[in-house]
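Below, each chain spelled out in residue letters.
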Amino acid sequence: MGSKSATERALNYLRRAPRVTLTDVRDNPGARTKGRLVRKKDNMAGQQYNDLRGAGKPPLGWIWGDFYKPWQRIYPGATFFNQDINLRREYPPLSLLELQRLIDLGWLDPSLPIDLTALCNTRQYRCDPSLRQFGVQLTDEGASVFAAKVNLEGASVFAAKVNLEVQWASETAIAAVERAGGVVTTAYYDPIALTAAVDPLKWFEKGEPIPRRHSPPADLIGYYTDARHRGYLASPPAVEAARSELALKIGYALPDRTDDAQHDMLAARKDPLQVFFGLAPGWVVNLADQTLLKPKNPRLLHYYSGRLDASKDS
Amino acid sequence: MRLNVNFRLAVSVGRIGYPARYATTSASQSGSVQKSDATNEDKLSQQQSDTDVVYSSTDTFREDIYLEFNREMLFRGLETADDDIDRQRLKETEEKRNVSRMRPWHQMLVNKQVPPVQFNWQLDRNALKARYAKYGKKSGVNPGLLWPTDKELDEQLALNRDMQPYLPDVVRKHNAEQKAEALRQSKRIAEVEANEKKYAKVLAAFEAEQLKAVKEIDEVEAKRQEKIREIQEYFGYWIDPKDPRFGAMQAQKEAEEKKVAKATQKADILRKKVATVTNT
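Sequences listed follow chains A and B, in order.
Under this note's numbering, the first residue of the first sequence is numbered 1, with each subsequent residue one higher.
Under this note's numbering, the first residue of the second sequence is numbered 315, with each subsequent residue one higher.
The hints are simulated quantities; they were obtained by calculation from the structure and are not laboratory data.
Remember, predicted model here, so these are calculated numbers, not experimental data.
Do not rely on the hints blindly, as some may be mistaken.
[As the list claims (entries may be wrong)] Facing chain B, from chain A, some residues (calculated, C-beta under 8 Å):
1) 5
2) 202
3) 207
4) 221
5) 249
6) 289
[Unchecked claim] Listed next, the in silico PhoX-like pairs over lysine-lysine satisfying Cα-Cα at most 20 Å (straight line):
7) B/426 x B/452
8) A/294 x B/556
9) B/576 x A/4
10) B/452 x A/294
11) B/567 x B/556
12) B/526 x B/511
13) B/451 x A/296
14) A/202 x B/448
15) A/206 x B/567
16) B/452 x A/206
17) B/451 x A/4
18) B/451 x A/294
19) B/452 x B/465
20) B/465 x B/448
21) A/296 x B/493
22) A/206 x B/426
23) A/206 x B/537
24) B/556 x B/537
25) B/526 x B/537
Note that beta-carbon positions come from the ideal geometry of N, C-alpha and C, so glycine has one too.
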């Protein structure tokens, strides 16, 4: 048949049509557009004066119809910008200002290492693994305050020398902590280990053994092996070099570390498989008897020690 | 360990530990003091043993044997009748003192005793683990339940094979990717830098070529457009040259034009003939 132009079609029509009258005269399709009619369902459907007005509102993205299909899942066009919304990782932020406040008000003890568990135990910080939250993100708000000396009852207390273990840290935040003489490490916790770390009491009340931490996934390996992020999988000499480099970059003098009083505390690091300081994976903590139960089965020991062989998976 | 000896009789009789000779007789109730070495305790026993059954004088309480026996039991670390009685007394006292009106179940919980299992779900593995966690060894749960079994371990390792690949391989792959990316970028940069040097020349040549091409295209296109325009004018509407009817229409047009030309030619010849005829 082939494509016909409008003129051709019109001519063909004219050949067959009776004489042209007023009823034959109309616009071409798309020449004029009608305005959208606002239907009743588009306007609270008359629910303004009911109990629904005070009722709990549906979650964001919910539209009338299906409770389980929010807007971003109904329209395929939304895959362009929200397809991976359920796969994204969140790191609830903790500013240096908040950290300083927690230390000053006695929620945290800076003479001990501060990790995710210590932060969650204060109940002033919250991390929920079920919401795809993967740990602490250290932000640099309050960096200037953090480095300053704290005046506590007349005496100048330098409350900023901390051993911090977080999951994400900005460059400025790292610099602020290191300038004050502290130490920052970024470490990855897989969701199960994170559940244990965030609420150890609840974990022990289940009677579960302490889990072993798994290695980060492929898209996070780059972050945690990088010394610039003070990753726990980076080599210590590289971390040292990065420390000096950062000091030069930002322009502060690195404090000397000859103070032996806190050396052991500042040097404390967890093993890549370890979740709690002083406790190994595989141990069961029994709070009723105040005892530790350690497995003896060689298979279990091998699993919890994580010595993996490339040829055979253990 | 208890020993059933005659001394137990003394328990049921009255205040144990107080030999019969301290027990009062009706004569002493009048108020006369006993001849024995009376102490406050004796006076008390005198007062209280009014209601007690009086030991018969024929059954003499051999205190010396009693003391010797007690000493022997204590030496061996065994319970004496005294301990049992003390415990009994204590229990009775405690029960009298407990005015909480709590049910036995609640008493048990308050005293941190292990409650018995009442439901089937409490025998599930997770429930038993929680039971051990809450009550410890005295819960009676086998602590071996707390760790994964062989089968569970196998399952976990199978999962780990997929979800947790061998870390050094992952790191190596990542490093290789980073290297390849850096190499690709550096290559591209070098390429661009080289091209930048000869940019002016290449641009000039390209523009010249474009002009030429445009001219050629213009000529070809002009011819084509001319044809289309002729057909369009002849038939009255636009036809796509790719349309199969185009060629046929063109042929038709040419045939018609030829016809017309022929007709006009004939008419011309006729006209000329007529002209010549009329002129002359």
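Each hint, compared with the structure:
The closest approach between the C-beta of residue 5 of chain A and any C-beta of chain B is roughly 5 Å, which is under the 8 Å cut-off, so the hint is satisfied. For the restraint placing residue 202 of chain A at the interface with chain B, the shortest Cβ-Cβ distance is roughly 10 Å, beyond the 8 Å limit, so the hint is violated. For the restraint placing residue 207 of chain A at the interface with chain B, the shortest Cβ-Cβ distance is roughly 3 Å, inside the 8 Å limit, so the hint holds. Below 8 Å, beta-carbon pairs count as interface contacts, and residue 221 of chain A has one with chain B at about 5 Å; its hint therefore holds.
This hint is violated: residue 249 of chain A has a C-beta 21 Å from the nearest C-beta of chain B, more than the 8 Å allowed. Of the supplied interface hints, the one on residue 289 of chain A holds, with its beta-carbon coming within about 4 Å of a beta-carbon of chain B, less than 8 Å. Of the pairs offered as hints, the one joining residue 426 of chain B and residue 452 of chain B holds, with about 11 Å between alpha carbons and a cut-off of 20 Å not exceeded. Pair hint residue 294 of chain A plus residue 556 of chain B does not hold up; C-alpha atoms about 84 Å apart against a cutoff of 20 Å.
About 33 Å separates the Cα atoms of residue 576 of chain B and residue 4 of chain A, which puts this hinted pair outside 20 Å; it is violated. A hinted pair counts as satisfied when its Cα atoms are at most 20 Å apart, and residue 452 of chain B with residue 294 of chain A qualifies at roughly 18 Å. Pair hint residue 567 of chain B plus residue 556 of chain B holds up; C-alpha atoms about 17 Å apart against a cutoff of 20 Å. A C-alpha spacing of about 25 Å is found between residue 526 of chain B and residue 511 of chain B, which places the hinted pair above 20 Å, so the restraint is violated.
Distance check on the hinted pair: residue 451 of chain B and residue 296 of chain A sit about 18 Å apart at the alpha-carbon level, within 20 Å; holds. Annotation: proposed proximity of residue 202 of chain A to residue 448 of chain B holds, straight-line Cα distance about 11 Å (limit 20 Å). Of the supplied pair hints, the one linking residue 206 of chain A and residue 567 of chain B is violated, its CA atoms being roughly 94 Å apart against a limit of 20 Å. Taken as a hint, the residue 452 of chain B and residue 206 of chain A pair is honoured in the structure, with Cα atoms around 17 Å apart against an allowance of 20 Å.
At most 20 Å may separate the alpha-carbon atoms for a hinted pair to count; residue 451 of chain B and residue 4 of chain A exceed this at roughly 90 Å. Simply put, residue 451 of chain B and residue 294 of chain A have alpha-carbon atoms about 15 Å apart, close enough for the 20 Å limit, and the pair holds. For the suggested pair residue 452 of chain B and residue 465 of chain B, the alpha carbons sit about 28 Å apart, so the restraint of at most 20 Å is broken. Of the pairs offered as hints, the one joining residue 465 of chain B and residue 448 of chain B is violated, with about 27 Å between alpha carbons and a cut-off of 20 Å exceeded.
Between residue 296 of chain A and residue 493 of chain B, the direct Cα distance comes to roughly 44 Å. Violation of the 20 Å bound is thereby established for this hinted pair. Of the pairs offered as hints, the one joining residue 206 of chain A and residue 426 of chain B holds, with about 18 Å between alpha carbons and a cut-off of 20 Å not exceeded. Under the criterion of a C-alpha separation no larger than 20 Å, the hint pairing residue 206 of chain A with residue 537 of chain B is inconsistent with the structure, at around 88 Å. Using a Cα cut-off of 20 Å, the hinted pair residue 556 of chain B and residue 537 of chain B holds, with the two alpha carbons roughly 15 Å apart.
Distance check on the hinted pair: residue 526 of chain B and residue 537 of chain B sit about 17 Å apart at the alpha-carbon level, within 20 Å; holds.
In this structure, the earlier hints numbered 2, 5, 8, 9, 12, 15, 17, 19, 20, 21, 23 are contradicted, and the remaining ones agree with it.
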